[in-house]
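In order, the protein sequences belong to chains A and S. In my numbering, each residue carries its 1-based index in the first sequence increased by 414. In my numbering, each residue carries its 1-based index in the second sequence increased by 168.
The set of hints was computed from the structure by calculation and includes no laboratory data. Predicted model only: the values in this text are computed from it and were never measured. Virtual Cβ for every residue (Gly too), placed ideally from N, Cα, C. Certain hints may be false.
[As the list claims (entries may be wrong)] Selected chain S positions facing chain A (in silico; Cβ < 10 Å):
#, residue
1, Thr170
2, Gly218
3, Glu220
4, Leu221
5, Thr226
6, Pro229
7, Leu232
8, Ala233
9, Ile236
10, Leu240
Spelled out, the chains give:
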Amino acid sequence: MMTIAISAPGLYRGRIAVDAGICEEEALLRRARGGDRAAFDVLVRRHAPGLYAVVVRLCESPQDAEEVTQEAFLRAWRGLPGFQGEARFFTWLYRIGVNEARRRSARARPALPVVSLDAYSGAEVVDRREQPHARAERVELRRALERAIGALTVEHRVALVLRDVEGFSTAQAADIAGLGEAAFKSRLHRARAALREAMANHRPPGAAA
Amino acid sequence: MTFAAHRFAAARLGAYRDGELAAHERDRVEAHVRGCARCRGALAGLVECGRELRSLHTELPDGLADRIIARLEADTGETRLRVVGAAETAPSRPWAAGLAASWREQRAHLRVTLPIALVVGLGITAVKDLETLTGGDVDIASACVVCGSNALVPLALLHLGRLLAVRARSG
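Please model the entire structure based on the sequences and the hints provided.
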């Protein structure tokens, strides 16, 4: 069988040992639902890094992302008595954060300069062959990816960031995005195609996402 | 290598990388990729790009978790203050506080009781003053006013009944 090293998608890059963490998280949730702020604070420390990592890619600035992260936790705390546990807590929390980021992005987007994919792919990308140093090449690739992601529509960004940057499973990412799995896969496909197009001038043919 | 096999594999490289193919599809893709340099290159590109995308993960800014917790604390404090404030003003007008609490509690039930009360109000109007509803010169506005006022008593009775039932249940 052919082997290609692919790291398995999982929650928060191992920040939570998923299996062991579920029971503990449910206990924390029960306490938090009963008004135990200390229990909720543990959930904040546990989920803030992952939530911030997602919303920072959806917001126009890190300050916006901070506000969205705070707002998501505040709303989650206020809405906790109504949370019936029909979804996992993190899925619910991320959905609140992603929706808030979408809302702000929709409001702010027209007023902000949108990076044109054409402009980006022409002038600012340095030819790969002119970069002798592998590290510099990686930094350049990272910048190019960040710009390309930033130029995607917010819905494409949601799909790409949840699945490809943060490594959620398709089911989890679809749940957070508020879509069915088939619709999410379709959106992810379009997001990857848009990213591939944006990166086409940066990478050798056939090696794009 | 056939064109159909190439097309099949090329369309599924992303799903293959994501580990989302069924076993028979995965086997077909692997069988093709072994013999197709173009697909091997594309798959390597996908894997590399996936790795790069994962490297874009952003760390939490220093102190943000503390700031979130502080904001939650402030929010909880405000809520407590509001509750304490309400309790402190309650002794001077206990009936008002009770009424306000009762109203907040019962607001959700209006969705059920209001339509019932309106139907009862319509019935009372029909019995008491049929001409308002069926008269030749029907004035819609005055019919609504009459029906509405006739619905107020049933509405109040429904909520009072519910309140008494809740109190009886809670002992």
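Ascending list of hint numbers which this structure does not respect: 1
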